[in-house]
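Protein chains in written order, with the numbering used here: chain A, 75 to 423; chain B, 266 to 496.
I should point out that these hints are in silico values taken from the structure, not numbers from a laboratory.
A couple of the hints might just be wrong.
[Unchecked claim] Computed spacing ranges between beta-carbons, pair by pair:
{"id": "1", "chain 1": "B", "residue 1": "Leu467", "chain 2": "A", "residue 2": "Ile107", "range": "42 to 48 Å"}
{"id": "2", "chain 1": "B", "residue 1": "Arg331", "chain 2": "A", "residue 2": "Ile381", "range": "53 to 59 Å"}
{"id": "3", "chain 1": "B", "residue 1": "Ala344", "chain 2": "A", "residue 2": "Arg138", "range": "31 to 37 Å"}
{"id": "4", "chain 1": "B", "residue 1": "Pro272", "chain 2": "A", "residue 2": "Gly387", "range": "18 to 24 Å"}
{"id": "5", "chain 1": "A", "residue 1": "Ile131", "chain 2": "B", "residue 2": "Leu467", "range": "17 to 23 Å"}
{"id": "6", "chain 1": "B", "residue 1": "Arg335", "chain 2": "A", "residue 2": "Tyr189", "range": "28 to 34 Å"}
[Claimed, not checked] Interface residues of chain A toward chain B, partial, derived using beta-carbon atoms under 8 Å:
{"id": "7", "residue": "Ile201"}
{"id": "8", "residue": "Ser205"}
{"id": "9", "residue": "Leu242"}
Glycine residues also receive a C-beta, built at the ideal position from the N, C-alpha and C atoms.
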Amino acid sequence: MIRSSPYILQKTTLQQIMLKVIYALIPGILVYIYFFGWAIISNLLLAIGVALITESIALLLRKRPLKPYLSDGSAILTSILLTLAIPSIAPWWMIVIGVSFSILIAKHVYGGLGYNPFNPAMVGYIILLVSFPLEMTHWVTPINMIEHTDKLLLNITQTLQYQFFNLLPTHTNIDAITMATPLDELKTALNSSAKTVSEIKDEGMVYGYIGGIAWEWLNIAYLIGGLWLIQQRIISWHIPIGFLSALFLMALFFGTDIDQSASPLFHLFSGATMLGAFFIATDPITAATTPKGRIIFGAGIGILVYIIRTWGGYPDGVAFAVLLMNMLVPLLDYYTQPKVFGHDSSPKE
Amino acid sequence: MNNLNYPTIALNGLWHNNPIFVQMLGLCPLLAVSNTVVNALGLGLATIFVLMLSNFSISLIRNIVRAEIRLPIFVLIIASIVTAIELIMQAWFHDLYQILGIFIPLIVTNCSIVGRAEGFASKNPPLPALWDGFMTGCGFTLALILLGTMREIIGFGTFFSQAHLMFGESMNWLTIQIFENYHGFLLAILPPGAFIGLAFILAGKNIIDRKIKNIKQKRSVIILQQTSINN
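Let the hints inform the model, and build the full structure from the sequences given.
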């Protein structure tokens, strides 16, 4: 995209950028392991393997060189983001389908890295969410909730047995190990059980200290990684700030009835908010490129996330919001081109 | 006239001028009804009948209809034929009729029918027009069945399920369960699956066309070389 001067030669390569983004995800992955178990590691390995294989197939079919494209890390990052977004006990074939759709359909059919209009990881996520809605709600009970509920904790062997052979320990069913996510639980409690927020708080199943129980720590870890990325100048502040402040303001304005709606802080520290704001919406290929455009892009995602969470059919809406705003990117870039220095702002005939 | 050559008309309807793959007409019913093979076949057959009858009758009156009012007349004829087909399906294939629902009356708005009436039937004698209607309809049905097969196998893991809707209870053996304990891949059944599937079919047709073109070019080059050597 055309930006005004000064043009500064960047010494960082694509590979370094992708590596730094992956490093920034490490705190989030560690917290994920603490709350949801070790299965995420095997999921990540499987996803990365599938990503590299499908990327190679696509490159061979398109007669492109393998090494430069495989080693740039973009396929690996896509698969990591997708795996972090889906439940840790997702069956193996879901990971395979999701990742191969991300790479083959969302990325290579549109022309490969740099040409894809939609965020590949989120396309894979949406395909899974639309096709297997039941499996996508099977989040295991977070470790700090095991004591408060009569839920069971699967060890790593049992989890792998479930993921690969669909076997659960005897006298157990899937409902005994999984639990609705805070956003999901809050939505059902508010809509169908007609409870008030303070009643839901007293039950202690939804609210943690500031956000959704367990998920708040995950969000804080992603926030830390994201702030490090901004400090390293890998991502600019415009998109996350636009996203988070729009979500905060929406929750503030529409959440005046505190008995019926979640607080702004709850929205910021639940679900995929921070992962979306710092890692998914900031994808350099599918996001807007001008500073003003980026703020609008981020704010649009924030507004859509609030709309989907509050009035939509799904508990969380980051993926849909990102894809919807991806569609607007060419328009945003067109209308927010910065003025060239010395030119009059009003067009002359 | 080249157009009156029956094999050429057949090849045009099925492949070179296929209403779906080449002209991209009538995509709305294609995308909406192709979720199972039986639905696809039902709508395809209905469309074949409408195309044949409309092409034939329009060709019969082609010399007495004034050019200024031909389109309203075509639409009138097509609408009455579709209404007749709809009543027939309601009487004899009631279950299928209920599944296909609004898409049977909507055959009227299928652009490929008016397209064939205007482009072929109004300029050619009745018998070639009838044949053209049949082959264009077959091309449309082919596309429907191809997409329907893909979506049904991926989406439900079956082939030809609910065959009784079309052929009666005695033909239920036609249903084939391809995958046992299949989870179902909802995306293929939903509208996005239709778009993705159609895109892959179109890409496949383009690849085949390019291969054929390459072979033909090579052949003509060889023939040219041979003639130049001979000369």
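Problem - Those earlier numbered hints the structure runs against, lowest number first - result: 3, 4, 6 and 9
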